[in-house]
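**Q** Use these hints to put chain L onto chain B, whose structure you have.
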Amino acid sequence: AQTVTQSQPEMSVQEAETVTLSCTYDTSESDYYLFWYKQPPSRQMILVIRQEAYKQQNATENRFSVNFQKAAKSFSLKISDSQLGDAAMYFCASQVWAGSYQLTFGKGTKLSVIP
Amino acid sequence: GAVVSQHPSWVICKSGTSVKIECRSLDFQATTMFWYRQFPKQSLMLMATSNEGSKATYEQGVEKDKFLINHASLTLSTLTVTSAHPEDSSFYICSARDRRLAGYNEQFFGPGTRLTVL
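Protein chains in written order, with my numbering: chain B, 4 to 118; chain L, 126 to 243.
Excised from the complex, chain B in its bound form:
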């Protein structure tokens, strides 16, 4: 079974500053994928960034980057130059082959951006 833990129910950041959201996971699989999804008030799930476990290089997407520590099973998300539009729920998720590549989500972190 896969578990994903997000230990920060809420976080806040000043506009233009940097914030890091934490995520740890547990899996016995050697081949897996990790994701960060954003869910704004509209509740549409938006993929922020993706990391393949076999890749040592941390994924980056513009202002978003991850710190993937495979041995520690840690997958944190760093948001640089925070913008008001970054305010949302952020969900960390893991995915393994279980016949259909199901996603297992953490409980989420609510990010507020202070102008």
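Any given hint could be a false lead.
[Claimed, not checked] Think about it this way: if two alpha-carbon atoms lie no more than 25 Å apart in a straight line, the pair counts; the simulated BS3-like pairs of lysine-lysine are:
(1) L:K145 to L:K191
(2) B:K58 to B:K81
(3) L:K166 to B:K110
(4) L:K189 to B:K113
(5) B:K58 to B:K76
(6) L:K180 to L:K145
(7) B:K81 to B:K113
(8) B:K81 to L:K191
(9) B:K76 to B:K110
These are computed hints drawn from the structure, not numbers from a lab.
**A** Frame of chain B; chain L shown alone:
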């Protein structure tokens, strides 16, 4: 590309009635579709996995007779909540995998359906 729609976006029904929610992949064929349930201020909980042309696989604790899933084509999956009760009120989200993108594991999410049972 990779757009998933859901219909309706919201529905209010009386207790005891059945409600059907549609999930469509608009510009791709979906090998697999997933149905999630999300309570307020909580995470997404996987209810079932739907493969085209075969029976859905339900997660433990999800009543298959209450939440009927039909994946009749590569672009359409439906979730029917039968004999709905107030405790079934929730936000239902579907997602889909693009069959062309073998090995690429992103799921594309629909905008969700808010169900309120009176």
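**Q** Decide, hint by hint, whether the structure agrees.
**A** The hints, checked one at a time:
For a cut-off of 25 Å, the pair hint linking K145 (chain L) to K191 (chain L) stands: about 12 Å separates their Cα positions. Of the supplied pair hints, the one linking K58 (chain B) and K81 (chain B) holds, its CA atoms being roughly 18 Å apart against a limit of 25 Å. Of the pairs offered as hints, the one joining K166 (chain L) and K110 (chain B) holds, with about 9 Å between alpha carbons and a cut-off of 25 Å not exceeded. For the proposed pair K189 (chain L) and K113 (chain B), the alpha carbon gap of about 32 Å is over 25 Å, so the pair is violated.
A hinted pair counts as satisfied when its Cα atoms are at most 25 Å apart, and K58 (chain B) with K76 (chain B) qualifies at roughly 14 Å. Our distance criterion of 25 Å between C-alpha atoms is met by K180 (chain L) and K145 (chain L), whose separation comes to about 17 Å. A threshold of 25 Å between alpha carbons decides the hint, and for K81 (chain B) with K113 (chain B) the separation of about 14 Å falls inside it, so the pair holds. The straight-line distance between the Cα atoms of K81 (chain B) and K191 (chain L) is roughly 41 Å, outside the 25 Å bound, and the hint therefore fails.
Pair hint K76 (chain B) plus K110 (chain B) holds up; C-alpha atoms about 17 Å apart against a cutoff of 25 Å.
Comparing the model with each earlier hint shows violations of hints 4, 8; every other hint is respected.
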